[in-house]
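Could you build all of it, start to finish, from the sequences and the hints given here?
Protein chains: 2
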Amino acid sequence: MTKPQNELIENLKQNIIKNFGTPCPVIDLDIVQTNINHAQKLCDVKGLANRPHIKTHKSPVLAKMQIAAGAKGITCQKLGEAEVMVDAGITDIIIATNLLGAAASGRLTSLQRRISLKVCADNPFSLAAYSEAAQQANRVMDVLIECDTGRHRAGVVTPVEVITLARIIKNDPMLNFVGLLFYPPLNGWSQTQEFWKKTKEGLKSLGMSAKIVSTGGTPNFQNIGQLDGATEHRAGTCIFNDLMMIKAGVAKFEDCALQVFTSVVSRGAVDRGILDAGSKTLTSDQSGLEGFGRLLEYPNAIIEKLAEEHGFLDLSKCLNKPNIGDIVRVIPNHVCVAVNMVDQLVAVRGNEIVDVIPIAARGMLV
Amino acid sequence: MTKPQNELIENLKQNIIKNFGTPCPVIDLDIVQTNINHAQKLCDVKGLANRPHIKTHKSPVLAKMQIAAGAKGITCQKLGEAEVMVDAGITDIIIATNLLGAAASGRLTSLQRRISLKVCADNPFSLAAYSEAAQQANRVMDVLIECDTGRHRAGVVTPVEVITLARIIKNDPMLNFVGLLFYPPLNGWSQTQEFWKKTKEGLKSLGMSAKIVSTGGTPNFQNIGQLDGATEHRAGTCIFNDLMMIKAGVAKFEDCALQVFTSVVSRGAVDRGILDAGSKTLTSDQSGLEGFGRLLEYPNAIIEKLAEEHGFLDLSKCLNKPNIGDIVRVIPNHVCVAVNMVDQLVAVRGNEIVDVIPIAARGMLV
Chain A
32 MTKPQNELIE NLKQNIIKNF GTPCPVIDLD IVQTNINHAQ KLCDVKGLAN RPHIKTHKSP
92 VLAKMQIAAG AKGITCQKLG EAEVMVDAGI TDIIIATNLL GAAASGRLTS LQRRISLKVC
152 ADNPFSLAAY SEAAQQANRV MDVLIECDTG RHRAGVVTPV EVITLARIIK NDPMLNFVGL
212 LFYPPLNGWS QTQEFWKKTK EGLKSLGMSA KIVSTGGTPN FQNIGQLDGA TEHRAGTCIF
272 NDLMMIKAGV AKFEDCALQV FTSVVSRGAV DRGILDAGSK TLTSDQSGLE GFGRLLEYPN
332 AIIEKLAEEH GFLDLSKCLN KPNIGDIVRV IPNHVCVAVN MVDQLVAVRG NEIVDVIPIA
392 ARGMLV
Chain B
32 MTKPQNELIE NLKQNIIKNF GTPCPVIDLD IVQTNINHAQ KLCDVKGLAN RPHIKTHKSP
92 VLAKMQIAAG AKGITCQKLG EAEVMVDAGI TDIIIATNLL GAAASGRLTS LQRRISLKVC
152 ADNPFSLAAY SEAAQQANRV MDVLIECDTG RHRAGVVTPV EVITLARIIK NDPMLNFVGL
212 LFYPPLNGWS QTQEFWKKTK EGLKSLGMSA KIVSTGGTPN FQNIGQLDGA TEHRAGTCIF
272 NDLMMIKAGV AKFEDCALQV FTSVVSRGAV DRGILDAGSK TLTSDQSGLE GFGRLLEYPN
332 AIIEKLAEEH GFLDLSKCLN KPNIGDIVRV IPNHVCVAVN MVDQLVAVRG NEIVDVIPIA
392 ARGMLV
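Order-wise, the sequence lines are chains A and B.
For the first sequence, our numbering gives the first residue as 32, with consecutive numbering after it.
For the second sequence, our numbering gives the first residue as 32, with consecutive numbering after it.
Check each hint, because a few of them may be wrong.
Treat identical chains as interchangeable: a pair holds within one or across any two.
With a Cα cut of at most 30 Å, we get these calculated DSBU-like pairs of lysine-lysine [to be verified]:
id, residue 1, residue 2
1, Lys336, Lys278
2, Lys201, Lys49
3, Lys336, Lys283
4, Lys278, Lys72
5, Lys49, Lys34
6, Lys77, Lys103
7, Lys352, Lys34
8, Lys235, Lys201
9, Lys242, Lys231
Just so you know, the hints here were simulated from the structure itself, not pulled from any lab data.
Printed below as a string of structure tokens:
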């Protein structure tokens with residue numbers, strides 16, 4: 032006889048707290064696999080290579096699941112993340128940022144000695160640092176130019192600047208131009224198209240071309256394939272999803288693979304409760320949402336603020352309210368920063384604990 | 032001939048980036064020692080025992096500096112923090128929270144076998160869990176009752192509830208009542224006095240008394256000693272200080288021992304810049320302040336928002352603006368959460384690197 036679902040979930044909660052205590056971030060590998068397959072299919076359908084951004088999971092185990100599903104390679108945000116992935120045997124890597132600290136510390140040189148990295152730059156200073164690292168490593172370095180088409184983070188803001196940097200790369204025997212890195216705003220794909228069109232012409236006049244034209248972002252799944260000329264897409268959050276992705280319309284609750292199991296540890300008043308998960312677990316990343324996570328068992332409860340190790344529950348809108356000792360499951364606002372708080376994730380399939388996955392690249396600042 | 036100060040700082044920056052890359056959180060041990068001595072003196076003057084909260088530094092090395100300066104013991108927020116401190120030989124520990132996950136997982140029992148812990152509770156469920164752990168450990172557990180006098184976090188809200196819990200403790204052979212834990216709001220010391228007065232009378236009627244009456248918080252340094260009957264104070268942030276403590280009026284810039292060394296990696300426009308420190312370094316903890324940290328070199332620059340690995344600089348109010356490749360030092364809003372992002376802190380004295388201190392209790396969720 033099959034046990035009812037709520038009994039199975041209660042058993043899982045008890046197994047989690049007995050084996051790991053609370054709070055405890057838990058991922059469901061069945062949902063993870065579904066999410067990986069979904070992202071791969073979105074890329075396949077549009078004829079784009081899939082290069083998932085591992086900043087979300089920071090785990091070689093999960094990166095290999097993505098590669099097994101068809102990903103061409105991976106994207107890292109930090110040199111230290113790439114080091115961990117190379118240690119695990121993954122070698123087709125774009126590091127999607129200006130790597131100044133990693134270059135100055137010699138770690139870029141060391142990693143370039145081991146594999147042929149693809150790095151990104153938006154300025155001549157970075158290019159000079161990469162050239163020096165490539166020379167020290169005795170291996171030419173592949174470079175993408177990061178382009179800003181409206182997000183105003185890093186990236187050159189005009190095609191003319193791309194051409195200026197491409198010329199520097201062309202004239203440097205230790206650098207090899209491989210393409211462009213875009214991170215278009217959700218509503219910025221037409222200007223990205225225009226940017227790419229002008230850039231392509233400029234490159235052609237130099238006798239150059241872009242082998243890689245990369246777009247990025249899980250929310251951009253709604254725009255994927257819209258850039259004529261794009262060769263690959265890099266998305267991170269889609270492996271787990273979170274409240275931000277639900278708000279962006281690219282995921283549903285059942286697509287959220289990570290839940291933080293947390294205990295109700297105090298009930299100071301009828302409308303108040305305290306969780307043992309605070310900003311050192313869920314992080315203060317509010318991302319424009321109400322509260323700091325959603326309780327699956329009490330969707331009307333609001334995590335109204337966080338202390339370092341306390342989540343403050345506003346229970347005024349809940350008909351039923353949790354008791355001290357109850358374990359609840361929280362979907363975080365922003366899963367990428369929540370994962371980065373822990374050294375491991377407990378893995379389940381359905382209601383069975385099946386593994387503990389080290390977050391091997393957690394906390395890689397450089 | 033002595034080198035000028037700005038040249039010494041520039042040398043330090045270059046030593047930091049060459050040895051560790053950027054971003055890199057750095058503490059000055061001379062300032063740390065001054066801060067430790069200052070907190071100790073504040074307690075000494077008021078005749079209070081000093082029991083620093085190690086949630087800020089999470090390092091046995093630094094806890095031992097506090098004990099060497101006169102601290103009676105330490106305060107931890109998590110069982111996992113206490114485990115690390117016990118491993119290092121520190122045994123006089125209050126864990127200042129309801130420990131449900133740690134109790135259910137058996138880790139509370141294991142640690143109670145090794146030392147006599149002082150734990151906190153605000154409800155009978157926690158007391159039952161402690162009693163069971165004490166029984167399994169075969170050692171009576173010391174318990175403080177956590178009291179809420181206005182902060183509305185955890186804690187019982189009336190003296191009557193304290194007495195109810197004290198009676199349960201009195202009747203439980205495995206529990207030993209040792210006192211009360213207060214965390215008074217800045218303007219809540221008179222109601223705390225009233226709460227303590229009534230509680231003391233109630234305890235007396237049970238033939239009980241509080242050996243420990245603890246107050247807490249670095250901002251409460253402005254109120255320290257105001258509670259007649261208090262026996263000790265626990266403060267955490269004061270070892271490093273941060274922008275919150277400056278705003279609270281209990282520290283100045285020169286008292287901030289921790290600075291994040293970070294590189295300017297992009298300058299997309301005349302008024303924009305990007306740091307290589309984002310929310311995975313500085314955290315999204317804004318704490319009601321403007322921006323996400325203060326640049327020592329550019330006090331008019333605003334870190335207006337953070338991506339995971341990017342700090343967005345608004346340079347519109349800066350006459351001089353940093354260049355790509357410049358290293359700047361950022362004082363974080365909230366140092367306790369920033370320290371919890373890293374596995375080590377680089378330690379300097381003045382402008383010399385002298386040590387690397389492991390944050391051994393980083394990321395202890397349970």
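(request) Using 30 Å as the alpha carbon limit, work out where Lys242 and Lys231 are close: within a copy, between copies, both or neither. (result) within (11 Å within a copy, 77 Å between copies)
(message) Within a copy, between copies, both or neither: which one fits Lys49 and Lys34 at a CA-CA cutoff of 30 Å?
(response) Only inside one copy: Lys49 and Lys34 sit 21 Å apart there, 59 Å across copies, limit 30 Å.
(request) Please work out whether the CA atoms of Lys352 and Lys34 approach to 30 Å or closer within one copy, between two copies, in both situations, or in neither? (result) So Lys352 and Lys34 pass the 30 Å test inside one copy only (25 Å; across, 65 Å).
(message) Within, between, both or neither: how does the pair Lys201, Lys49 come out at a Cα-Cα threshold of 30 Å?
(response) Intra 60 Å, inter 28 Å, cutoff 30 Å: inter-copy only.
(message) Treating 30 Å as the Cα threshold, decide for Lys336 and Lys283: within, between, both or neither.
(response) Both: 24 Å inside a copy, 27 Å across copies.
(message) Checking an output row: Lys336 and Lys278, CA cutoff 30 Å. Within, between, both or neither?
(response) So Lys336 and Lys278 pass the 30 Å test inside a copy (20 Å) and across (20 Å) alike.
(request) Check Lys278 against Lys72 for me: Cα-Cα at most 30 Å, and say if that holds within a copy, between copies, both or neither. (result) Within one copy only: 22 Å inside, 51 Å across.
(request) First find the shortest C-alpha distance between Lys235 and Lys201 inside one copy, then the shortest across copies, and answer within, between, both or neither for a cut-off of 30 Å. (result) within (13 Å within a copy, 85 Å between copies)
(message) I want to check one pair: Lys77 and Lys103. Are their C-alpha atoms no more than 30 Å apart within a copy, between two copies, both, or neither?
(response) within (14 Å within a copy, 65 Å between copies)
Checked against the numbered hints above, the structure violates none of them.
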